[in-house]
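Those sequence lines, one after another, are chains A and B. For the first sequence, position 77 (counting from the first letter as 1) is numbered 77 according to UniProt numbering, and the numbering increases by one without interruption. For the second sequence, position 217 (counting from the first letter as 1) is numbered 217 according to UniProt numbering, and the numbering increases by one without interruption.
Worth flagging that the hints you see were computed from the coordinates, not collected in a lab. A few of these clues could be false.
[Stated by the list, open to error] Heads up, simulated DSSO-like pairs for lysine-lysine below, C-alpha to C-alpha not over 27 Å straight-line:
| # | chain 1 | residue 1 | chain 2 | residue 2 |
| --- | --- | --- | --- | --- |
| 1 | A | Lys32 | B | Lys66 |
| 2 | A | Lys32 | A | Lys70 |
| 3 | B | Lys304 | B | Lys5 |
| 4 | B | Lys304 | B | Lys66 |
| 5 | A | Lys70 | B | Lys331 |
| 6 | B | Lys25 | B | Lys5 |
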Amino acid sequence: MVDVTVLFFARSRELSGTSEARISLQPGSTTKTLMQQLLSQYPQLEELQGNFVFSLNQEYLGVDEEQQLKSGDEVAVIPPISGG
Amino acid sequence: MSGEKELGQLREQNARLQAEVERLKAAVAGPGQQGAQAAAANGAAAPDGAAGSFPAWDGLRHGLSKDQIARYSRQIVLHSFGVQAQARLCRGSVLIVGAGGLGSPAALYLAAAGVGRIGVVDKDSVELSNIHRQIIHRRAPHPPGGLLALGPVGVHKAVSAAEACRALNSSIQVETHLEGLTPANAVHLVRQYDVVVDASDNAPTRYLIRRATLHRVHAVVLCWLHCMRLDACCAVGRPLVSGAAIGTDGQLTVYCHGHDGPCYRCLFPEAPAAGNCARCVDAGVLGVVPGGRAAGVQALEAVKLLSGVGDPLSRRLLVVDCAAGRFHSVKLRAKSANCVACSTHPSITAASVAAYDYAAFTGQAATNDAAPAPLQLIAAEERITPAELQQRLASEPGCVLLDVRPAEQYNVCHLPGAQAALLWPHSGAPSMPPSGGQGGGGGTAGASRPPAHPPLYVVCRRGNDSQRAVARLRELGMAHAVDVVGGMEAWAHEVDPGFPTY
């Protein structure tokens, strides 16, 4: 299994109800697989309608970018925010 | 387009060189005049040594007066900063877009730090609900009954902010731009300043600014005002210090700095769906978050850019989770070769910003802390006024009153008997209350037998969400569901002035 840490920020934290989660994925999983897993585990995240970006090990991932995941990876869910 | 940009840059370079020539001329003419010249350039009084012939205190030609040296001494003696960095700060200029939760503390810090010229852009006036985070607005209240009995409430934000900055540091120049940042004026305004601080509360403006500063990115805020600012900054080559804060979260970065820094559009080519950029007025914001965790960083980044000290927060996005006390720094990509705003062949340029439809791009109007416009989503006969609701609550024992506001708002205040029924998520139906009969706003249940379908009324904060709820309930077969026009705000205005608004 591939065990990754997911950090939730802003609205994604409110929707998931947690700021951090450990997610176990099948070997060979990618960030897209992770997204499907997150949506099944936290269906409330549907509200974001894809309006967020992932960072993988503190590096920004493009909206359509897919990366292979390995155990120990840290993925952050970062929705855009506005306000001041 | 690039020709126009180049022309603008050459003009600015020319202006800087002319200023330098004037300074050198004054230096040649004599130390006394040089001091006076430098002081005039910084808007300060003549230094104490102006009349004397003892120029040793300006041996490095930094141009700072004795008063300025005393005022900024703690950062001047800082090893990594020094007198030349301070002199650059005093000659520098910053445009602050928005005098709200971010712009307020940023303006105060930049004024205190000695930025020579500060422009404040805001078209709104101060409201009571602003002051818990917008700490620059502090005009003393006049005696009760006077026009200004409420202190800063009602005063133009830009004017109020400028007053506070001048009170803090009278040696700097503060300019106000009361019309707000618009596609028509963005490029013109941005061009007049060295650095732009994006401290506004909506996405369309963010894109606009970026365009005007033209060289960098931000995965942060997608409202059209942000877009506009970014576009404006891209277009005229000004670094944009971008910040956003809501709830207990903040996001910060510097766009359009250096040759490879991305812009907002590089990170978010598509604007988020309308309504996906929560605003303070809807989602709430803990007062200290914008200033304490975002605006301070913005002011610091502006100081670094102007003084040339340190490494700007470019190509990095700082994500702050104040609830967990967590700072997360994300490395950003270099700017996209295909970006419509900041690539070598941009389709959005200084000339086209004025005509770009940012509201259409982001699907929302450039409103700040204002209420959303009232919508008419369902038929008029499916709605009643607050006054009619009052009559029906009294005359229809057993009616059901659903309040579809979020729990936080329901807990602030609700009508007697109103049942909380969450509307969220957007696509869902309101959660139904127990079978009718015991709801009824203050009616005397039991006087008569409840009908099979007790009357069903739906309220929200302002009357938009309640229409969505009624539409959904009718889809589900509850054809007797009725909306209350204007929601609890209208109730407060038309029926019960004592009912709290927020």
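Hint by hint, here is what the structure shows:
no.	hint	in the structure
1	A:Lys32 to B:Lys66	violated, 61 Å
2	A:Lys32 to A:Lys70	holds, 13 Å
3	B:Lys304 to B:Lys5	holds, 24 Å
4	B:Lys304 to B:Lys66	holds, 23 Å
5	A:Lys70 to B:Lys331	holds, 19 Å
6	B:Lys25 to B:Lys5	violated, 30 Å
In terms of the numbered hints stated before, the structure departs from hints 1 and 6, listed from lowest to highest.
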